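Residues in the sequence shown are numbered from 187 upward in steps of one, following the numbering used here.
Quick caveat, the hints were computed from the structure, so don't treat them as lab data.
Keep in mind that the hints are not guaranteed to be accurate.
Simulated restraints on C-beta separations [to be verified]:
#	residue 1	residue 2	range
1	Leu345	Gly299	43 to 49 Å
2	Gly299	Glu360	32 to 38 Å
3	Val292	Asp383	51 to 57 Å
4	Asn333	Ala379	40 to 46 Å
5	Ser308	Glu360	54 to 60 Å
6	Thr336	Thr300	40 to 46 Å
7	Thr300	Val353	55 to 61 Å
Please read these numbers as outputs of a predicted model, since none were measured by experiment.
Even for Gly, the Cβ is constructed at its ideal location relative to N, Cα and C.
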Amino acid sequence: MRRVGVLVLLSVAAACVPPAGSGEATSGESSSGSMTDASSGATTETSGAETSETGAPETGETGETGETGETGETETTGPVEPECGNGIIEPPEQCEGDDLHGFDCVALGFDGGTLLCSEICSLDAALCETDEPPACEDPCHDGVLANDETCDGIQFGDLSCESLGFVGGSLLCEACDQPPSTVHCITEYDAGACASDDECPGQFPHCVEGHCWDGSLADPCVDVSDCINDAMFCVRGQCWDGGENQPCEIFWLDDDCSAWYECNHGNLVCTGDGKFQYPCCTDADCSGIYFCLDDICNGI
187 MRRVGVLVLL
197 SVAAACVPPA
207 GSGEATSGES
217 SSGSMTDASS
227 GATTETSGAE
237 TSETGAPETG
247 ETGETGETGE
257 TGETETTGPV
267 EPECGNGIIE
277 PPEQCEGDDL
287 HGFDCVALGF
297 DGGTLLCSEI
307 CSLDAALCET
317 DEPPACEDPC
327 HDGVLANDET
337 CDGIQFGDLS
347 CESLGFVGGS
357 LLCEACDQPP
367 STVHCITEYD
377 AGACASDDEC
387 PGQFPHCVEG
397 HCWDGSLADP
407 CVDVSDCIND
417 AMFCVRGQCW
427 DGGENQPCEI
437 FWLDDDCSAW
447 YECNHGNLVC
457 TGDGKFQYPC
467 CTDADCSGIY
477 FCLDDICNGI
């Protein structure tokens, strides 16, 4: 009975001893081995992960942090100036490339042709056409009394309404080679002499230049209140309605109406509606964006 008990103890002790060829894993080393399933006899291969001396898995070194790039300097600029050629019409540009802002030769007063946009973004009417080319050979109305001219614009030499027997008014030069017209000369006074408006009758209420007037066309005046209605202008001391060949009044910035120009002299041409235009022979005679068409400076 003792022998049997000793054998049993030896068998149990043998079962607790690790199989030959297997080793215990030590700190910092990989361990591998095989285990045998006691019930099935199958062997399973196992491997140990490499560990550090502390038992924790080793990790790779942390890379250095990249340097942060320097921030670029910010430049401060002023207002953006108009740039010709950027495809956007910006004042004072009149056009951009093929964009003519809705204008064409006809809109500018020509009969046809091709309107272009120049390199400086201004309208170029060089290829626009007119049915009749401008005639600038006639020196009449250039404002200079020369050669055989009897008058030119407001230049009449020694002639005046008074020298021709009228009591006042202004001469009119309709043709430089013809005697001046007296249509605006005053043949007689409307009423008697006066020193103030109070001395004039109701139908001739304005006392101007020592006589009473009703303020009709070509009557003398000091200001527009001496003229018969608000549609008239007091220009060069006479009442006018802005008709053709009459003097035109230009209203300056101070609106005092003190300056005037003769519409039919060398510097201005009256259009018949109280407006005025400058005469010209070529575009060079016009200023700014204006161009010469039919001897008159035109603009958009």
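Is it true that Gly299 and Glu360 lie within 32 to 38 Å of each other by Cβ? About 33 Å separates the Cβ atoms of Gly299 and Glu360, which means 32 to 38 Å holds.
Cβ separation of Thr336 and Thr300, checked against the hinted range 40 to 46 Å: 44 Å, holds
Indicate whether the distance between the beta carbons of Val292 and Asp383 respects the range 51 to 57 Å. 52 Å, holds
Do the beta carbons of Thr300 and Val353 sit within 55 to 61 Å of each other? At roughly 57 Å between Cβ atoms, Val353 and Thr300 fall inside 55 to 61 Å, so the hint holds.
Between Ser308 and Glu360, does the C-beta distance stay in 54 to 60 Å? For Ser308 and Glu360 the Cβ distance comes to about 37 Å; the hint is violated.
Using the C-beta atoms of Leu345 and Gly299, is the stated range 43 to 49 Å upheld? Taking Cβ atoms as reference, Leu345 and Gly299 lie about 44 Å apart, which means the hint holds.
Asn333 versus Ala379 beta-carbon gap, inside 40 to 46 Å or not: 43 Å, holds
Violation of the numbered hints given earlier is confined to hint 5; every other hint is satisfied by the structure.
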